[in-house]
Amino acid sequence: MKIVEIAKLVNGELRGEGSVDISGIAALESAGPADLTFVDGARALEQARRSAAGCFLVPLNSALPGKTTIAVSHPKVALIKAAAALLPARRPEPGIHRTAVVASSARVAQDASIGAQTVIEAGANIGARTHIAAGACIGRGVEIGADCMIHPRVTIYPDVRVGNRVVIHSGAVIGCDGFGYVFAEGCQQKFPQLGRTIIEDDVEIGANTTIDRGSLGDTVIGQGSKIDNLVQIAHNVSVGRHCVIAAQVGIAGSVRIGDYVMFGGQAGIGDRARIEDQAMIGAQAGVMPGKVVRRGIFVWGTPARPLPEYKKTYAQIMNLPKLGKKVDELSERVKAGSAP
Amino acid sequence: MKIVEIAKLVNGELRGEGSVDISGIAALESAGPADLTFVDGARALEQARRSAAGCFLVPLNSALPGKTTIAVSHPKVALIKAAAALLPARRPEPGIHRTAVVASSARVAQDASIGAQTVIEAGANIGARTHIAAGACIGRGVEIGADCMIHPRVTIYPDVRVGNRVVIHSGAVIGCDGFGYVFAEGCQQKFPQLGRTIIEDDVEIGANTTIDRGSLGDTVIGQGSKIDNLVQIAHNVSVGRHCVIAAQVGIAGSVRIGDYVMFGGQAGIGDRARIEDQAMIGAQAGVMPGKVVRRGIFVWGTPARPLPEYKKTYAQIMNLPKLGKKVDELSERVKAGSAP
Amino acid sequence: MKIVEIAKLVNGELRGEGSVDISGIAALESAGPADLTFVDGARALEQARRSAAGCFLVPLNSALPGKTTIAVSHPKVALIKAAAALLPARRPEPGIHRTAVVASSARVAQDASIGAQTVIEAGANIGARTHIAAGACIGRGVEIGADCMIHPRVTIYPDVRVGNRVVIHSGAVIGCDGFGYVFAEGCQQKFPQLGRTIIEDDVEIGANTTIDRGSLGDTVIGQGSKIDNLVQIAHNVSVGRHCVIAAQVGIAGSVRIGDYVMFGGQAGIGDRARIEDQAMIGAQAGVMPGKVVRRGIFVWGTPARPLPEYKKTYAQIMNLPKLGKKVDELSERVKAGSAP
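Residue numbers (my numbering), protein chains in the order written: chain A, 915 to 1254; chain B, 915 to 1254; chain C, 915 to 1254.
One should not assume that every hint holds.
All copies of an identical chain are treated as equivalent in the list; a pair is satisfied when it fits inside any one copy or across any two copies.
[Unchecked claim] Listed below are the simulated BS3-like cross-link pairs for lysine-lysine, each with C-alpha atoms no more than 30 Å apart in a straight line:
1. Lys1104 - Lys1240
2. Lys1249 - Lys1236
3. Lys1226 - Lys922
4. Lys916 - Lys981
It should be emphasised that the hints constitute simulated quantities derived from the structure, not laboratory data.
Bound-form chain A, shown alone:
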């Protein structure tokens, strides 16, 4: 792809030689003459001077003398567009692999691709151009939309609904039983886990993540939300749209989460908590059961509190040696003063 074509694609302003061919994408430090790279911030611009990249996506009004640049308002977004054109994702061949075990009542779109060693159970429905990769197990009655990528060894339990353009990474388990027991007659009795899991369009789910089905209602992951690896989402949780959930987060039962909520890694949310739109949960934070985190608030720590409060308390703790010393001095002075 010629640089001039890339410039046109990302709607950017080309400076330099547009006829050079670009075939790859690389980071500033490793890019070569056939690579496109991007510059984001002043430090990167400095680094870019020493980079051998063939072409740089740079912010508007930034100068990189002697280099071929394409100026755009958002270089990272431009790189995403360029990457899609330069290095399109490999399309697996449509069809059902000879080793796949597909129930006769399952429906598989003609241009879907069903990988080796897969199992598609009765009544499942696989949409157009969707790829079920090697070793995945798709349960009875599961519905998967169009253009999904189900990576190797994913398990989807019966009756789960998956929208369009959903990506599920290897080892993820969707729709497993929620963790609900009632203690009676000396032992834990399993409460029915009869609900569904609904994954809306454009969701991405990380490797070895687990998402439980609802017990009586449903568990729902809203449109466009992105979930990292090893995340646990319990029964009856509702995640809104365009949320970002980092690795190893745990969300307990019946938590309600709004839109555009962000979770740092290893955060934990107690059952029945409510997280409003655009809230942010810091890494390793612990939101107490039943708590409400208000719209747009950033909370941190366990128990999680708004960041300014947390910081104030932390500063006071750090100040304890000084406070102790002050009290000691005061004590000395009072003793001395009261001495006749």
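For this one, chain A is given, so just place chains B and C on it according to the hints.
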């Protein structure tokens, strides 16, 4: 199933029309005329007035005018019983799927069900009515009892013992090597991991949970204990009977756990700690290595301490601004007082 | 194996009857007359007096009257050596199982062993004596060296590089996409994840652990490092040599880790942090994004701080009731003093 039959099954007191047919189970808010639901607590009773459910399992002495109710001492337990009768778990067809790879020296009960794409290695023994679902790998010499449900893509390493009525969810790995190394000659040398993992009767294990084998002794999960998703149980751990371990808990090597112990999500237990019967470990708590948590005590925080102590310290920390102010005022006063 | 042979193998000093046959290895409490065991520390020596083991590996200059002992400088290391000779790991039969799906362009060493229900994709390369166990999925272009053990149901994404003598436990996912999005046009846009994952020689990776590929650069796990179960390692992380990473640790993007670093369980490392050689990260600690942990320093808590600092602060917090009381007394005294 007619309501009158359900009333008889759960040994409850029917009020209303017993001849209506019930075919499903649902939550109060989504239940329709053919659904059974349950009422647990005052708030739910209020909600139930607006529910369209065909029949309500209610606590004794609670009134729901105009609705068909079955009064029982424990509605949630009654619902569990009714669900088992109304919606019995689908029994997979017995037999060995044509794509299963079963070693000739493995023994599989005649009425067991071995799913597609499974592997059962030499000397393994699969009990009566047990279902090994698609893609599961059962190692050499593994013993699995009767009426177990091994979900898709579970791995059981060689020589693991699994009791009766055990449920293991998809992606769980049982009997993998413990994490033991000795640093010598400039690198980490692996210590032998030769012990077994023993899963007793009625245990349930969550999706993608990992339970190590013992190094020289065994790792044991006691009868009736329930383990959620993404839990890590290290080598030589002994978990007692009827424990409940929430998601993402981590239990380090050689920890000893009594009966009826409860773990909140993401808690961590240091190696060689001992947790006595009926203790409770709060979510995200961290029990220090070698510590003892006494019978029935609830601990929280890191390092984990009994809840009342934790709360007292927390209150004192929250009181720091006030304390600081008090010291400042005192200081002013002393200065003023000592001024001639 | 005769005791005298074991003594020779571990280069130890035999005391007692060398002609006895030893066939197993066991812990002190469960060992029988045909078992070898080891003694490490004074308490174990006491316990050893009551053990029925046939032979004891003991530290130099320790007496165990009436028992057959082999004195060595490091009994645990000697046990590792003896175990390798006594109980050599079962070598799977070389060859490709009839149910394996191996792409015609994949290269598999003649003495490699490819298990049942596996998938080896185009251009992959499997080295000498390497065992790919049941249900594993090896992606397009993956390179795996010699003498590796890839346990059942591992997934390796395309283009990952795995060195020699690497062990990967069941359910681990290597080379999955990193978690990188740019928010634009109202939704999260996926940033390209085009880099590789490089696993160097002698690495061991635990069950259900996930290691992302690099976004533009690579993710690297250095030679001899050991990683426990359910660990998350994000894109572009670099782990040095001979590190030890306990279960459920999470390492965010672009973190740089030196050699011989130790991580306690459930620790979390923020993105772009740098951990220098021989540092130790305590269990559940949280290292803030961009922080540097200096060579050999032990940090603990969230935010993680050097242990002595953490302990000092903790002591001050525990001292708060005393401080409050002191201030109250002082206050009383000042009031009384200023009263005329």
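Hint check results:
Within a single copy, Lys1104 and Lys1240 get their C-alpha atoms no closer than 58 Å, and across copies no closer than 53 Å, so neither meets the 30 Å cut-off. When the C-alpha separation of Lys1249 and Lys1236 is checked against a cutoff of 30 Å, the pair qualifies both within a copy, at 20 Å, and between copies, at 18 Å. Taking the closest pair of Cα atoms, Lys1226 and Lys922 never come within 30 Å of each other, the shortest separation being 50 Å inside a single copy and 60 Å across copies. Taking the shortest alpha-carbon separations for Lys916 and Lys981, only the intra-copy value of 15 Å comes in at or below 30 Å, while the best inter-copy value is 73 Å.
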